[in-house]
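Given next are the chains, with one letter for each unit.
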Amino acid sequence: MTHPPDRAADDALDTLIARHQNRPGALLPLLHDVQHALGCVPADAVPRIAAALNLSRAEVHGVVTFYADFRTTPPARRVVKLCLAEACQARGCHATAARLSAATGLAVGETSADNALSLEPIYCLGLCASGPAALVDDAPVARLEGPRLDALIAELSR
Amino acid sequence: MSLRVFVPGDMAAVAVGADRVATALATAARAAGIDLEVVRNGSRGLFTLETLVEVDTPQGRIGYGPVDAADVPGLVAAGLFEGGPHPLRLGDVAALPFFARQTRLTFARAGLTDPLSLPDYRTHGGLKGLEAALALTPAEVVARVKASGLRGRGGAGFPTGIKWETVLAAAGPHKYIVCNADEGDSGTFADRLLMEADPFLLVEGMAIAAHAVGADQGYVYIRSEYPFAIAQMQAAIDLARADGWLGRGFDMEVRVGAGAYVCGEETALLESLEGRRGQVRAKPPLPAHRGLFGRPTVINNVLSLAAVPFILAEGADAYQDYGFGRSRGTMPIQLAGDVVNGGVFEAPFGLTLGELVDDIAGGCASGRPVRAVQVGGPLGAYFPRRLFDTPFDYEAFTARGGLIGHGGVVVFNDTVDLAQQARFAMEFCAAESCGKCTPCRIGSTRGVEVIDRIVAGEARAANIAVLEDLCDTMKLGSLCALGGFTPYPVMSALDHFLEDFGGADVRRAAE
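The listed protein sequences correspond, in order, to chains H and R.
If you read the first sequence in the numbering used here, its first letter stands for residue 1, the second for the next number, and so on.
If you read the second sequence in the numbering used here, its first letter stands for residue 1, the second for the next number, and so on.
Hints are computed from structural coordinates only; laboratory data are not their basis.
Predicted model, so just to flag it, every value in this text is computed and none were measured.
For glycine and all other residues, C-beta sits at the position ideal for the given N, C-alpha and C.
Some hints could be false.
Label-pair distances were calculated between CB atoms; the ranges are [to be verified]:
id, chain 1, residue 1, chain 2, residue 2, range
1, R, A431, H, T73, 15 to 23 Å
2, H, D11, R, G91, 56 to 64 Å
3, R, R385, H, P147, 28 to 36 Å
4, R, P97, H, D44, 29 to 37 Å
5, R, G354, H, A102, 33 to 41 Å
6, R, R385, H, D150, 33 to 41 Å
7, H, S112, R, P138, 52 to 60 Å
8, R, A32, H, R19, 42 to 50 Å
9, H, E155, R, T57, 36 to 44 Å
10, R, H124, H, R19, 31 to 39 Å
Incomplete in silico selection of chain H near chain R, CB under 7 Å [said to hold, decoys possible]:
id, residue
11, G25
12, G62
13, A90
14, C124
15, S130
16, V136
17, P140
18, V141
19, R143
Computed far set for chain H versus chain R, every beta-carbon distance over 10 Å [to be verified]:
id, residue
20, N22
21, H32
22, A37
23, A52
24, T73
25, S157
Construct all of the structure, not just a fragment, from the sequences and the given hints.
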């Protein structure tokens with residue numbers, strides 16, 4: 001079942017399961033760590049997590065698919081999460097989204113075919129007085145318009 | 001002795017380049033042969049000024065802002081390290097009107113101290129509340145919190161002391177304190193700022209709650225969108241444990257959400273903590289009786305728990321003296337959206353919406369007129385200018401068809417289309433519904449469709465009647481506030497901004 005390229009991932013999963021197995025309510029912390037280590041929660045991790053936590057595969061699958069954060073495929077090499085919630089709407093996030101889309105050829109929610117870039121929506125980063133706000137590869141960016149947006153677009157097209 | 005400068009390490013400051021400013025200052029100081037200590041404080045809470053640099057001088061702390069890394073060489077040349085004159089010089093930040101008008105009980109230390117320095121925390125009044133609580137019996141602590149009039153700052157406004165009393169009376173052995181730091185409402189960031197700027201205050205509040213009800217374990221459930229707050233709380237908990245005021249009979253840990261808005265609802269949050277999908281539980285049983293892992297549980301918002309140390313340290317009366325009607329104490333109000341002065345403004349209840357929007361927030365940053373204000377997050381109502389006399393108070397907002405929620409005030413200029421905002425409210429509800437109850441799960445999707453038909457001019461009058469009926473069903477039939485309160489933004493948009501739904505004659509046609 002295990003083939004060589006997956007061995008490192010298998011070992012990582014075993015280590016993480018051992019770390020979390022006996023905590024109360026272990027599933028979310030474990031899934032976060034798995035995703036951090038492997039980039040996603042791969043389908044073949046689900047039965048092993050389920051067995052270790054004495055849950056059904058359906059329960060684990062249900063949690064993985066319920067929460068927006070968990071993904072089952074690796075992320076794009078670069079990820080821009082643009083806030084589209086009300087406070088950023090009031091500060092012009094739709095104009096920022098339109099400029100990003102025009103520059104990258106991606107609608108919000110799309111990933112480029114070569115998996116180089118994803119443009120994802122996010123709903124509130126708590127930067128509501130400094131919008132439009134985004135996470136660019138996990139780094140927060142605010143007042144994302146004018147020169148700062150120009151710089152981001154230039155950087156993304158490199 | 002080294003010279004101290006303060007450069008916020010807050011997520012909102014870093015998002016506009018505070019790290020680069022800190023590096024530029026350190027470089028400039030090295031070049032000038034100055035022994036510089038850069039303290040990464042929390043933001044003071046006026047984000048318009050970020051990056052706000054403050055210098056400790058013999059005349060007190062002198063602020064400069066907003067500073068960009070490119071401004072640093074010029075500022076240093078102008079004598080920044082001595083508090084010298086410069087167009088960005090603000091002088092004493094606390095004396096700026098935005099801060100001078102506040103009553104900071106909960107945010108008293110925010111921006112002043114090094115957030116992870118226990119000596120700083122103690123010097124600025126920290127731990128007085130916990131010490132006072134430990135000298136009292138649990139019942140006495142509960143009595144003080146009840147007497148303070150503190151109501152849940154998450155939005156529901158339920159008296160905190162009564163919740164604690166219920167958990168105190170419940171049988172052990174295990175009880176939990178859960179802090180709801182899943183601050184998902186757009187336009188709110190007070191929990192984030194508090195956890196980043198003064199994390200020990202929340203640890204102290206939770207330790208007091210644990211003593212008051214006899215809990216042995218606490219969890220702070222923080223949304224994953226707040227990576228800085230997560231790191232800061234984890235560090236503060238570790239330091240408090242090493243210092244000995246955690247870990248003796250009560251310990252706590254941080255748990256991280258995973259991008260589900262509904263987990264801000266307390267029972268969905270408990271499900272999530274237990275490792276399940278964030279689906280709302282039917283009540284009863286109340287969490288106070290059967291909460292986390294089936295045990296009696298206090299679940300409070302960050303701001304509720306963070307208000308408690310002041311109440312214990314200074315007395316219930318000192319807190320209860322502030323406020324308006326049945327809303328006692330102060331509320332950290334968050335001014336957001338298209339505003340000149342955006343940030344946390346802590347004040348006693350009772351300011352009017354107009355004072356907040358026009359005087360304190362200073363109207364729209366875009367220079368356009370204010371057209372609508374959404375108060376209380378995505379589930380809050382849109383207010384037109386003619387309701388700006390509404391005082392900031394739980395009951396007054398309810399009477400006007402709205403809610404104060406977690407205290408977020410999002411200002412929109414005259415380019416806003418309220419029909420689209422109403423549609424967004426339904427769309428958001430559809431995306432975030434946990435799916436447990438039908439009015440929320442199905443009603444929200446139908447709501448989007450009906451609003452689209454109204455805007456397209458299809459049988460407007462009939463479809464407005466359908467929308468009103470649908471909102472009624474969601475309001476009365478949903479299990480929790482997500483489905484139950486989504487009608488607030490929708491109905492307020494319809495009531496106050498009917499013209500956006502395809503012509504001023506729509507309502508007449510409906511009648």
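Which constraints among the numbered hints does this structure fail? Numbers only, ascending. 4, 16 and 21
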